[in-house]
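Protein chains in written order, with the working numbering: chain H, 1 to 154; chain R, 1 to 154; chain D, 1 to 154.
Simulated from the structure, these hints should not be mistaken for lab results.
All values reported here derive from a predicted model rather than from experimental measurement.
Copies of the same chain look alike in the list, so a pair counts if it works inside one copy or between any two.
Below, in silico cross-link-like pairs of lysine-lysine (DSS-like), each with a Cα-Cα straight-line distance of 30 Å or less:
id : residue 1 : residue 2
1  : LYS54     : LYS42
2  : LYS60     : LYS42
3  : LYS42     : LYS59
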Amino acid sequence: MAELTHMIDSEVFLAFSTYATVVVLKMMLMSPMTAYFRFTRKCFANMEDTGMAKTPEDKKRMLRVDPDVERVRRCHQNDLENIIPFVVIGLLYTLTGPDLSTALLHFRVFVGSRLFHTVAYVLPLPQPSRGLAWMVGMGATFSMAYRVLSSTHL
Amino acid sequence: MAELTHMIDSEVFLAFSTYATVVVLKMMLMSPMTAYFRFTRKCFANMEDTGMAKTPEDKKRMLRVDPDVERVRRCHQNDLENIIPFVVIGLLYTLTGPDLSTALLHFRVFVGSRLFHTVAYVLPLPQPSRGLAWMVGMGATFSMAYRVLSSTHL
Amino acid sequence: MAELTHMIDSEVFLAFSTYATVVVLKMMLMSPMTAYFRFTRKCFANMEDTGMAKTPEDKKRMLRVDPDVERVRRCHQNDLENIIPFVVIGLLYTLTGPDLSTALLHFRVFVGSRLFHTVAYVLPLPQPSRGLAWMVGMGATFSMAYRVLSSTHL
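Given the sequences, and given the hints that come with them, work out the whole structure.
Here it is as structure tokens:
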């Protein structure tokens, strides 16, 4: 970690910027997907969201839990639990000055595994497809964390 | 993204630091707000939190779901889903060296939309106030992501 | 914040890298812990996860909410709500060029409080141990945020 000031405008940093932005945008798209399922399933969490209902009984009926909405929300939660650690550890990893090819391998494996994870969760695909996608993503992040910790050796 | 080492102590970076810290502090304040509603509504999620109850029956009665507590928790969750992507993409955006005025516009629109979103969620204000606040915040983050992706063009 | 380019390969930054990685890894380990409790309690959220069941009735019975699983998930959620703000504000704090000893104090108090918080939540320990751990962690993050805001003074 000797020459961090030179790392920050390196190709590795540009690659990190791109992959981190892509995977964070993917995570953000779970919000509109939740909204889409809430409107098509007519299933809301807040009374003020049921404006499309005509009668008070209809409004109350829309305050319910729908399995499709919950599935998308669990996928979003799993993204928060996995993509944010990737971004944090990936940034620190980038600053340790790894080889471009090794870094690209980590970034691509992670982003690919999360794209597949979303497909496997939302469709859903039979297990263990979702479980394996989750493990591959965790593995990529752990591998980068190992380099961060062994580079800093406090 | 040629001269990142000069960007990092720029005015844009100082502005990002301030706005990111303010909006993350706002998000953190949802935790004490949840605690406040849990204590005033006497509604807890863990048996060990019901120490204020005198009898075992009172303790069990406090392990319940309260609509006001859930509203604050949903607002907190929405913050996690929106403010963290802003921080990540905003940092990468800052490092692309945007104009100060353009950057300030993005940061202020985002932070303003999230402050209004919290008010609209917790009171609550009638829709579509909360929905619009959420969309404006997403738009600011998407606009910054567009610049990051078009600056790095891998 | 005058000489940020020199800060980034400072000892404070190396310390931040280490502590941030450790505490994010701790947060990530809540996922396998959730999976462990889901498998030992036979309690799942998705129909496709109940492959170990032999009959359709067994599968349905496994789609339930288990108090031990929910406890681990609440601990994970509390980590997301506290550790991610620490990472964001801690990074900005690191770039303000604090004394190494002051920075180490903040990082160690935060990481220690979160490790204790997890123990106190999962066992669980009697209150107010978990509440105090949460407050100490919040305090460390607020203290760093104060320095960020007073260093940037826009």
